[in-house]
Structures are given as structure tokens and as C-alpha cells.
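Student: Listed below, chain by chain, are the residues.
2 protein chains.
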Amino acid sequence: MNVLITNIGRRGYLVDFIKAEESFCGQVFVADCDETASGLYSNHDGRFLLPRPVEEEARYVAELLSLCRQQAVDIVIPVIDPEIYLLSKHKELFAKERILVVVSDFGVLETCCSKLKMNDFLRKNGFDVVPTFTGIRQLEAAHAGGTIDFPVFIKPVNGSGSSNCGAVHSLEELNASFREQMLIQPLLTGDEYGVDVFNDSSGMPVRLVIKKKLAMRSGETDKAVTVFHEQIHSLALRLAKALKHFGPLDLDIIVEQGRLYVIDMNPRLGGGYPATHLAGVDFLQLLMQMHGGTDPAPEFNNYKAGLLTMKDIGIKTCITRS
Amino acid sequence: MNVLITNIGRRGYLVDFIKAEESFCGQVFVADCDETASGLYSNHDGRFLLPRPVEEEARYVAELLSLCRQQAVDIVIPVIDPEIYLLSKHKELFAKERILVVVSDFGVLETCCSKLKMNDFLRKNGFDVVPTFTGIRQLEAAHAGGTIDFPVFIKPVNGSGSSNCGAVHSLEELNASFREQMLIQPLLTGDEYGVDVFNDSSGMPVRLVIKKKLAMRSGETDKAVTVFHEQIHSLALRLAKALKHFGPLDLDIIVEQGRLYVIDMNPRLGGGYPATHLAGVDFLQLLMQMHGGTDPAPEFNNYKAGLLTMKDIGIKTCITRS
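Chains as they are written, first to last, in our numbering: chain C, 43 to 364; chain V, 43 to 364.
Hints in this document: simulated from the structure, not taken from any laboratory. One thing to keep in mind: the hints can contain errors.
Copies of the same chain look alike in the list, so a pair counts if it works inside one copy or between any two.
Claimed, not checked - In silico SDA-like cross-links for lysine to any residue, where the CA-CA straight-line distance does not exceed 25 Å:
id, residue 1, residue 2
1, 197, 214
2, 254, 77
3, 61, 83
4, 254, 76
5, 254, 283
6, 254, 354
7, 254, 276
8, 131, 91
9, 346, 158
10, 197, 213
11, 133, 259
12, 61, 187
13, 197, 211
14, 197, 221
15, 255, 51
16, 159, 243
17, 255, 90
Input sequences plus hints: build the corresponding full structure.
Tutor: Here it is as C-alpha cells:
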């Protein structure tokens, strides 16, 4: 069983996770479009430069498929948003050659990418939705009506990580910061949780790990502690059954005055996956099992609670010239 | 020779650097005020929680001194700005017990902390200085006179990292973002370099490594490549002789239209130190040598050029409850 992690970026730890699994006896390859991606210098069995996926879609898919054939790759794990979109459209091409591309159907990705579509999905399925305004006038009317007050929070309609997100403290500041394709929401200040939910090939949840976030950094979870939380558990199960994603889903949930608000859904291995993995729930192994044709049986609350996971500075080097 | 790194934060790599040195035969201890600091879970010989340095100065110094006695610490290496200020005022107390606290004199720190004092120092010593405005009216006058145009860059007078820094594209945005104790400068877009200059105990430079920055993240150098650069080399030497800091100094320099502008001076081990160390210049060993009473002889251009250093995601865990 050979695995290829594409656009690995800084996540060299995924290579270590796969190799640490005793039963694993294949090779782990890594690829990126940037030769200075630190993951290319991790403990892999081969690194490859591929074209930039979005700018050169056809060439990217052709070169990726060719690489998979050449290295007898069984599973491709993309970990960044732009690439999962693209590969979702082409996964059948890989499936024909028994190569599993770990990505959900395109409809699932569309629901997750746009915060407006995500809100529609949540509303339709009976979940609480954060009040959302798509323009300054709409916000002003609500503000005049007393239904929202500053500070508010602005974010892009389609966004990943925390880029261009931020608290805004006045109408003046809002006018200066607000751009097209942004949303305005109340600033939520409750505890934030990350949930990793793994669905089997029929779109049914089989694993679930809840982590309370203690600190963020560059839009990624920096420190988190695994917890059990009944309300979040049942919400996440219900959501995963409705969404019917494939494999990993990384949910962000804020608990505000007793209500649970889903604020982000990423149908891929998220930046907070290390905590899930190290708490004893190995999504990577499940994917290999599924490639072998067996869907895992559901098993919940099977993780170590109270595990604090902290991201650290690792360092990789390479010689660029002599 | 025992070493203590205080408020280690995410820099567990410093422990590895010291221990990787063949001639090192002591212990490396780590301390932080936050029990979730990942560096506390590095490959150390003992971790200690200390009070928050700034909020509880007297208690901090007393507990640190007591810890040093108890663990027979020879060298204390503080790595964050608030702490170097504080320890600079108390270093003699430690020196009396033959404990070397790696920090410059208070006057040096004052010059480095305030961008206005730094500019005075640079001007007085004949270096180029980035045009700097301390208020919106002053900026408006210069803008009307045609000496500066948007976008401009705002930053705190006293600041570390990139917090509250940013490009500002209009007077409207400036009015919304500008606060007391901020500076306005032209937005420089030239290549940025990090320079580590090590001074001996008489304040004379003995080592110097230049790195071209390729990428930043959360205000720290994320990717850099070591280079030789004659102009920067002679500027940094001249600056270090004028500043007379002790031990490490981390300089940030932008080359804009052929002129060199010093934009930041940090008289401590900076976030970009790993590149210097891995290129073959070991500041940590020099400090141990100096504690032993021998100042190192000057040696320049003794590093590996073309070494690309990338920061990666490392992961540490601990159990917080059973």
C-alpha cells in the first residue's frame, strides 16, 4: 500500500504518522508545487514537484496520474482546499485505476466552501445558524433595530484559515475594511471546539473526536485538548449523516450562551488532525482499510480524553547551491 | 555547564541544538509561565513553571534565582522581549553568583525597543533611516507635499513581531486603523534580510550570518536562505560596534532601491536563529565559552551559504488528566 500526500506544505507529520503504524508496509511519497515546502524534507520515501494545481488544472491532473502510475500509488491524500475542489472533479479517473483520492463529492465541497451555502445546509437540517449579513446596509438596519451591536466579525464568503477575518469595532472601521464577497456576523466569544468526523464510503459516520481549542495561530489550531461533550457529539453525528462526506471532515463549533454554532466545515484532514491522531483515532489507517474494500465499523468515544496537543517549531534544511 | 532557557515558548529546538554539540556535557533546563508552552515538552533535563515575568517582577526574579541555585545553572538564556528588559536590570545579581544571564545592558535594549530611539541611533551613526511619521497630520502634510504616497505601513513605536503592523491604502483606512503610539512609514517592498551578529563581552562583533528571507509567518522568519552580502556585512559590523550589545543581536534589513534600511533590532536570539545555527555558527557554544572566561576570536564568512532553512510543524503532547 503506497500513499502520496499532495501539496503537503508544512505537514510532514503526516508522513511520520503513517510510518509509525506497525502494520504499514508500503511507501509514503510527498508532493508540492513549491520546492521550499518543508514537508518535502520530511521522512518520506520520495518527493516530487508537481505543477500548481489551480493555475494548471489539466497539466496537474495528468502529471499527478502519471506519478501515481509510476510509483504504484494506492491512495492520494490532498490536504489543501484549492486542490480538493479540483481533484473532486477528477476522482473517477483515478478510481478506474484503483487509486483512491481522499476527497468528497463536489456537492459536499460546495456546501462547505461558501459560508452562505453552509448556512443554508445548517438551516435546512435544523441546526442553529449564526446571524449573517452580506452588506453594510443590511447590517446598519439590523444595528438600528437593535438586533446586532459592535464589535462584529467580518470574514470572506469563501475562505479558509483566518485570512481577511477580523473583529470590527465601529461603522467607520467597517466601511474601511468591508469588501465584496464578505460576511458580517456577531463576534462570538464562547469556547471553540474542533471536531474530526470520519465517514465511511456510504457517507455514515464511524469515528468522531472532539477537541477544545486553547489557542490559534495563523488560522490553525495551535493548542487543543481532547474532551467528551455530549451535545457536540450528537450534533456532529447528525451533521455528518446529513452531509454524507467521504472520509475526514474537520468542523469548527462555537458554544455561545448554551447554543452550538457550526462556523466552519472542511471536508479534508484539517490543521487540528494531529490531536485526533495522537488521541488514538487513526484516520489514515481507516483510509487504507477502505482502499482494501472494508468499511470500518462505527466506534465512538474510543479516544483518550484530556490529551493536550501543542504545535511546536520543527526545522528542515536543504542546500540550494554549493 | 548547565543551561536554562526561560519563557521558551515554541523554541524546543534550542534544547536540541545545545545537546547536539558533542563537547556539551551539562544539563539543559527549560522554563515558561504557561504550562501549555510546547518547549516544556522538548528533550530537556527538567522543566519548571515560573511566574509571569512582567506582572510579577520581584517574585519572578527571586524564583528564577532560586531555581538557578537549586539546579546549579551557569547560563540563563531568555528569548522574549518583555523578559530581557526585566533581566537586564537584575543581571548583576546573577553575575555575583557566577550565573551569566544572556542579555545586553539596559541602554542597548532601550535603543532597540523603541523604533524612534532606534532611528535616532541609526541617524547619529550615519546609517540610512526610513522616513517616519508619528501622527496623521504630519503624514497628511508630507502627502500633500508629495514626499510620501499610499500605501503606507503602520507599526507600533514599541513592538515585537508583526502584531498591529500592516499596509494602509488610504487616508480613510489610516484614520480607522491608526492608534496612539504608532508610526507611519512608506511601505518598503525590497528584499528583506535577517542578520545575526554576535558580540563578545567587550561589545565587539565576532560572528555574523546573513540570511535572505523568503517567507514570513506570524511575524517570524518562516523560510530563509543563507547568503554572503558585502554591503550588509559591513553595515552590520559597523552597527554592532556602535551598539555594543552583548552576545546575540538579530537585525532586520530591507534593501530598497540600492539603499539599506535597518527596520528592526532585537538584542537576543531571534526567531531566525535556527538558520544561523544550522549554517554552522553556534552562538550557544560561544556563550558557554564566554561563561568559561574566554572571549571568542573574530571569525567571519565562516558559514555555509545557500542553506535553505524552513520551519515545519512539530507536535508535542501531554496528558492533562486521566
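Student: Run the structure past the numbered hints and jot down the numbers of the failing ones, going up.
Tutor: Numbers 9, 11 and 12, in rising order.
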